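Kindly produce the complete structure, drawing on both the sequences and the hints.
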Amino acid sequence: MTLTAPTRPLAPSRPPAARRAWQKLSPYAYIAPFFTLFAAFGLFPLLYTAFVSLYRVELQTPGDMEWRGLGNYAALLGDTFFWTSLRNTFTIGVLSTVPQLVMALGLAHLLNYKLRGRTFFRTAMLLPYATSVAAATLVFAQLFGRDFGLVNYVLGLVGIGPVDWQTGTTASQIAVSSIVIWRWTGYNALIYLAGMQSIPHELYEAAEMDGASRWRQFFHVTLPGLRPTIVFTVVVSTIGATQLFGEPLLFEGSVSGGISHQYQTLGLYLYEQGWGFFHLGRAAAIAWVMFLLILLVVGVNAAIAGRRSRKEAGR
Amino acid sequence: MPTARAARRAAVRLGAVALAGALLAACGGSTEGASDSAGGEVTITVDLFGSFGYKEAGLYAEYEKLHPGVTIKQTDTEDEADYWKSLQTRLAGGGGLADVQAVEVGRIASVAQQQSDKFEDLRKHGADKLKGEFAEAKWAAATGRNGEVLGLGTDVGPEAMCYRTDLFAKAGLPTDREELATKWSTWEGYLELGRQYKAKAPAKSAWLDSVGSLYSVMIGQQKERYYDASGKLIWETNPALRTAWDTSVTAARDGLSAKLDQWSPQWNQAFAAGSFATLPCPAWMLGYIKGQAGDAGKGKWDIAALPGGPGNWGGSYLTVPRAAKHKKEAYELITWLTAPEQQAKLFLKQGSFPSATGAITKISGATDPYFSGAPIGKIFGEAAEAAPVQVLGVHDQNIAQQITNALGEVERKGTAPEQAWANAKKGVENTIG
Chain C
1 MTLTAPTRPL
11 APSRPPAARR
21 AWQKLSPYAY
31 IAPFFTLFAA
41 FGLFPLLYTA
51 FVSLYRVELQ
61 TPGDMEWRGL
71 GNYAALLGDT
81 FFWTSLRNTF
91 TIGVLSTVPQ
101 LVMALGLAHL
111 LNYKLRGRTF
121 FRTAMLLPYA
131 TSVAAATLVF
141 AQLFGRDFGL
151 VNYVLGLVGI
161 GPVDWQTGTT
171 ASQIAVSSIV
181 IWRWTGYNAL
191 IYLAGMQSIP
201 HELYEAAEMD
211 GASRWRQFFH
221 VTLPGLRPTI
231 VFTVVVSTIG
241 ATQLFGEPLL
251 FEGSVSGGIS
261 HQYQTLGLYL
271 YEQGWGFFHL
281 GRAAAIAWVM
291 FLLILLVVGV
301 NAAIAGRRSR
311 KEAGR
Chain R
1 MPTARAARRA
11 AVRLGAVALA
21 GALLAACGGS
31 TEGASDSAGG
41 EVTITVDLFG
51 SFGYKEAGLY
61 AEYEKLHPGV
71 TIKQTDTEDE
81 ADYWKSLQTR
91 LAGGGGLADV
101 QAVEVGRIAS
111 VAQQQSDKFE
121 DLRKHGADKL
131 KGEFAEAKWA
141 AATGRNGEVL
151 GLGTDVGPEA
161 MCYRTDLFAK
171 AGLPTDREEL
181 ATKWSTWEGY
191 LELGRQYKAK
201 APAKSAWLDS
211 VGSLYSVMIG
221 QQKERYYDAS
231 GKLIWETNPA
241 LRTAWDTSVT
251 AARDGLSAKL
261 DQWSPQWNQA
271 FAAGSFATLP
281 CPAWMLGYIK
291 GQAGDAGKGK
301 WDIAALPGGP
311 GNWGGSYLTV
321 PRAAKHKKEA
331 YELITWLTAP
341 EQQAKLFLKQ
351 GSFPSATGAI
361 TKISGATDPY
371 FSGAPIGKIF
381 GEAAEAAPVQ
391 VLGVHDQNIA
401 QQITNALGEV
411 ERKGTAPEQA
421 WANAKKGVEN
431 TIG
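If you read the protein sequences in the order shown, they are chains C and R. Going by our numbering, the first sequence opens with residue 1, and the numbers climb by one from there. Going by our numbering, the second sequence opens with residue 1, and the numbers climb by one from there.
Some clues are possibly wrong.
Stated by the list, open to error - Quick look at which bits of chain R chain C covers, simulated, 3 or more residues with Cβ under 8 Å:
#, region
1, 265–277
2, 406–416
To be verified - Straight-line alpha carbon distances no greater than 25 Å define the calculated DMTMM-like cross-link-like pairs of lysine to aspartate or glutamate that follow:
#, chain 1, residue 1, chain 2, residue 2
3, R, 200, C, 147
4, R, 118, C, 64
5, R, 298, C, 147
6, R, 290, C, 147
Read the hints as simulated data drawn from the structure, not as lab findings. Fair warning: this is a prediction, and the values are worked out from it, not measured in the lab. Note that the Cβ used here is the ideal one computed from N, Cα and C, for glycine as well.
What follows is the structure in structure tokens.
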């Protein structure tokens, strides 16, 4: 294997030992800035949060820490508001993620055709993503107003009575989800579009020669080709859905997520405990539960995706 | 203060963004009361919530003129709830505090009982001699366990009932404020008029804005609300609270409410649309009504005495944190701002009713053309004088929120009152826990 042997430099500028040491260590030096910052702003807060979650701490008297062990976690098990917010996080997650990804897929498929003004459409799709959560949510809150909102006005035209988009559990969750869908559909569509463009064109030609319709092409060529991209977007959207916070907070400006906690997500419940009631210990416990939940969900996700691709490979 | 509390939710929205900024700012270095610069140039920082109106009334400019070398810099968070969160974060961290910090009356018990070590005892600067100038209750509430004077009172919130004369006339109800005051001398009388109004009211117009505001104004008439004088939680068994709850439930069941969420954007829009004919109004609400109903509402509103007797809802204090840089100058500023002359000026401009007794006599003859020339000085002055001295508690604000949320469930979702009461109880336990 002489071909792959490294070529020796002609004139080593440094003593070989120091050089070798540098070569060994330099990668670490390059990544050090990131990991230093991560340790300070990622790892330390994470561990400190775990520490705080074992105590009873109030923001107003942060000096008096009272040991509670796993008491904060145990209390969460019996806390109906926690379970409500967990359930809300899940239902809002499904209500927002599923339509979002399906619509994104459809949009990407359409944009993949040769269209006039394609760049315009692609840019326009990304615009909601560039809008701030706060601005978008404020506008949506107006649209979903019970008495003077545009949505109810339009529904009224077709004879559907005014819907209380703030108070009803399902209605409010749909309203909150719609903000998420509006903001993220375009972003996901662009990711899908990029994925679609990496699928070799020959596959489509071959399918067309075999007489496959566009619909069948979509199902049998596009979807399998997009699998890694879809897994990626599902993972990212799931993490986003678990952490959902800005939209429900700003929808009515209520830290309780509505008068009956009807759209309070885990993130919002954490905020209510920590900065509404100043119970930092309990808020920290919720933060850790959220962290573990995300790990669990992403782990399950990855396991499913891994099994499927192994099955594919084994075919 | 007043209008700020009012803005509560309307502003959490944008406030959240500001809050993030405030939290970051709070991380900045802490400068423990370093310099009380003797003479020369001083910049006093003032951190408020809502619209105290000092700048608008020209009070800062006047003070700067009287005290050469002093510059006043004001920061303002619109929403009191956000302001309080940010203030607590900075107090916990010990940095980023202004020389003057405002505190709402619903929070003053927390300052007096839990955080007296974090605020300057104003006795050090000679506040003792001011005691006689303020309403007794106002002074007492900002006094710590060991007699520390932790803040000076700005305004109080004597309550009255604001109503729309044009809508009353359309429904064939009397519009004279004296006559109404007699007719609704009790809350039952108020609800009865509401039923008459509902029978003949213009379309899409309800008797009152929300049962939450009915509850809030009724509980404001009580001496003991959530805690008793010894600091024990009594809200659950407090018969007066239960009466306010039951009356609110009745109003909801009789369909007298526009089912709005107080301080929400919908509520704001409803002012212009005439969605409700009456609105329980503490003095500071006047400025809010003018702001929301605008010029179109001028002359359509009037004010009468509150059903069921006088009460108080809201009001504020100015404090000096211990970590402030210019404590002496800050104290001088707040003494001046809360002096009778300045408080009287603010009432005429903003509707914030003075807590300085000397100011009350100055404005007793005031009328307001926006409210059909109602004698606001007399109405609110009498209410302020007769309002009970409230027992304040650490969690007042949070408990009230849980109860009005539960009433909202009865009103807007048709939840059974017993169920809603249970929800409120669970919510309060979670809050205090």
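Violations among the numbered hints, reported as their numbers in ascending order: none
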